[in-house]
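A.B. asks: Which chain is which? The protein sequence lines are A and B, in order. Under the numbering used here, the very last position in the first sequence is 1384; numbers go up by exactly one each time. Under the numbering used here, the very last position in the second sequence is 1384; numbers go up by exactly one each time.
Don't read these hints as lab results, they were simulated from the structure. If a hint is listed, it holds; no wrong ones were tucked in.
Since copy identity is lost for identical chains, a pair holds within one copy or between any two.
Computed cross-link-like contacts, DSS-like style, restricted to lysine-lysine with a CA-CA straight-line distance of at most 30 Å:
#: 1; residue 1: Lys1293; residue 2: Lys1384
#: 2; residue 1: Lys1002; residue 2: Lys956
#: 3; residue 1: Lys1287; residue 2: Lys982
#: 4; residue 1: Lys1193; residue 2: Lys1328
#: 5; residue 1: Lys1007; residue 2: Lys961
#: 6; residue 1: Lys1328; residue 2: Lys1256
#: 7; residue 1: Lys982; residue 2: Lys1328
#: 8; residue 1: Lys956; residue 2: Lys1007
#: 9; residue 1: Lys1144; residue 2: Lys1168
#: 10; residue 1: Lys1144; residue 2: Lys1187
#: 11; residue 1: Lys1114; residue 2: Lys1315
#: 12; residue 1: Lys982; residue 2: Lys1293
#: 13; residue 1: Lys1303; residue 2: Lys1362
#: 14; residue 1: Lys1315; residue 2: Lys1282
#: 15; residue 1: Lys1334; residue 2: Lys1256
#: 16; residue 1: Lys1376; residue 2: Lys1355
#: 17; residue 1: Lys1133; residue 2: Lys1114
There are 2 protein chains.
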Amino acid sequence: MKIPSVKGTRDFYPPDMTIRNFIVDGWKAVSLRNGFEEYDGPIFEYLKMFQMKSGDEIVEQLFSLQDRGGRELAIRPEITPTLARMVNQQINSLPRPIKWFSVPRLCRAERPQKGRLREFFQWNIDIIGVYDVLADAEVIFCVLDYLQQVRLTPEDIVVKISSRKMLAAILLSIGIARKELEPLYALLDKRGKLPPETFEELLAEKVVDESKRKKIIELMNAETIEQISDFVKSYAAAKEAVDELRRLFELLEVMGVAEFCRFDIGIVRGLAYYTGIVYEIYDKASELRAIGGGGRYDDLLKQFGGPAIPATGVGIGDCVLAILLEEKGLLEKQLSSPKLDYFVACVDKELFENAIGITMKLRRGGLAACFSYKTSGLSKQLKEASFRNAKNCIIIGEEFKNNEIAVKDMSTGNQQLIGVDKFFSQLESK
Amino acid sequence: MKIPSVKGTRDFYPPDMTIRNFIVDGWKAVSLRNGFEEYDGPIFEYLKMFQMKSGDEIVEQLFSLQDRGGRELAIRPEITPTLARMVNQQINSLPRPIKWFSVPRLCRAERPQKGRLREFFQWNIDIIGVYDVLADAEVIFCVLDYLQQVRLTPEDIVVKISSRKMLAAILLSIGIARKELEPLYALLDKRGKLPPETFEELLAEKVVDESKRKKIIELMNAETIEQISDFVKSYAAAKEAVDELRRLFELLEVMGVAEFCRFDIGIVRGLAYYTGIVYEIYDKASELRAIGGGGRYDDLLKQFGGPAIPATGVGIGDCVLAILLEEKGLLEKQLSSPKLDYFVACVDKELFENAIGITMKLRRGGLAACFSYKTSGLSKQLKEASFRNAKNCIIIGEEFKNNEIAVKDMSTGNQQLIGVDKFFSQLESK
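The shape of chain A in the complex, shown without the other chains (with noise of 0.2 Å):
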């Protein structure tokens, strides 16, 4: 009987394996020599701690289940909620700032499309316990440290930035009721991909007023920042915020980022819990869905029970990457394929548990090493070496009666004969 695997998840042969490794290897490597520390929480938790605080979009995307005591459960869709837990459980213990990074494994039951599929795997990057945008700007060093480390230059993908700080203080100044943004973000963050008309019927539904439809139109058309400083002259709040996002791009230039980075009011995140600087990571020419996206959410740990403590950060999926890394030509260039460091082939069955007691030898010294399943021809064997890629292979033969081996240097053809012992001596030195 044959079981098909559930559409929108992956099946990773090796070749696959190999790609999902250099992006996952890549991030924990820049990850790692950014100061963060690793972390990683379990695969499902209570539903309702996804329900509380992420927003109507991801809670329709849950798959739930339930222990055998019949607790509501569901596999994490996003690790923030799980960071607010683990980081208010131990927070007296922690020294801050918190760095903290995750690779997660996550699954949201939507409707598979490109770049976008029912389980997939996330770089997560927070910092927690900074009240300045300097750990924003840090936060989108990283990622473009490791974008540009995948050889992605400002041809290729752009940050666009936002406030969401500079947006409520905005919508809050034009009449929009404090209660009313939430269901506003989501409509504005899906502005971009909706046809104007529909945009604006959309936001009738919500704002009934017309004259402030009509400020929140020219608002959202506003191109640069100096456009918005026009606008929000007056308010001190909004001010305030478009001098926190001056200053970021300020720092993003410092850290020798800025041709990366864009102002865009358009960004506004799909989640509920975003409070400052918002951002979203684009291929340049805007034909993929967002590569990742994050922002301040500085009130979370708080409505998660704990004390009001300030953080920001990021996820990077890896599908959308991957078919970036794909498209540029950029994954073959740097996959490097597993090698051998030694194909033990043998041609006299005799001999076979010779060879299987060099290879063992070989592995337990730490070097990669495989036999032959088959002591068939040498040349079957060879080729099998060179399929396998191995650097080198012994073959084990008729001179294996004076207890020596003939080691074969794959690249170059060259062969010599070794006796064992020294051969083994030889590696040991090394």
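Following the hints, put chain B in place on chain A, whose structure we already have.
C.D. replies: For chain B alone, coordinates are given in the frame of chain A:
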């Protein structure tokens, strides 16, 4: 509102993550040097895939869920069915033997106990396409290569080995019907954990004939392969299985790991799909649950709709292993704490942006570097450098007006002034 984590799951704070990474990275490195390639499957599959061939024990422990179309899914409790599915899917293009490994995250709805959690990681290595017991030996070697690498010795651990093929042949020869074998295996697998009277009572429920029961009890008391040999003299199929078991031990001798291994007829394994050699790895003192176990499952690929292809493999969990390493004092000796290459201290607020710029330049050069978020006194920042385990501390102060920085070696305390450009060009030449 505070929400706890789900019982039986783990939060991996950075120190816990260091242990998990030490274990998982070791599994990966040893797999690769033993010639295995990495694969992975989805975290959930169709529920029925796990109900088909794994046996009752694991079916009772499934975390099941539904997707939005109402399809029944389950979080994977083991990866072998996924492996069978994936291999069957590409069976015509995969060169054999297929030597694959994986480190899946698995979930089982069990009652949490010491060494047994509801979510865990399991190292899986499998060889597909080899009938010869040599493949079983290679899998066992690979496990022992790892366990020796983390410094466990024959004083610490033992691999207890038996054969389902042998057990089946003997039970059939005693007169047990083929369809009674599977429920009988489940009982025999639990025998070691039951008082003898309880075992005999339960056995009486499954085997009505007293003389058969006596033979089974006599068989299960055998301590060596020799004692079994006497037992099976007249049954050809059993004799063949005993010979195979003997050959396995010879190969383990050739591979240099025989002193870790011994015959134990009590090893039956809980999973239903085993067909040949079976084994479990235990701490020598037998104080913990099994570290792992495996065996041959020659029929599984066929049962999953593929061709008849032999297979053998093992699974090692992270929970018991971590407890054992901890108890033996082997963790602290081998865990390396993460190190920063440079901590950048800045004692003049006006120069802070320079500190940031230098830090980011170090990171872009591949070095682990951090700046201090607080430009407080130097002694405080040096303390932070030492707390963050920095090898060197760069001090940006008065001399920066001459474009110079002080570089302090944190282990020797030596400090030298150097021009910024010279410092970076020296780094580059390294």
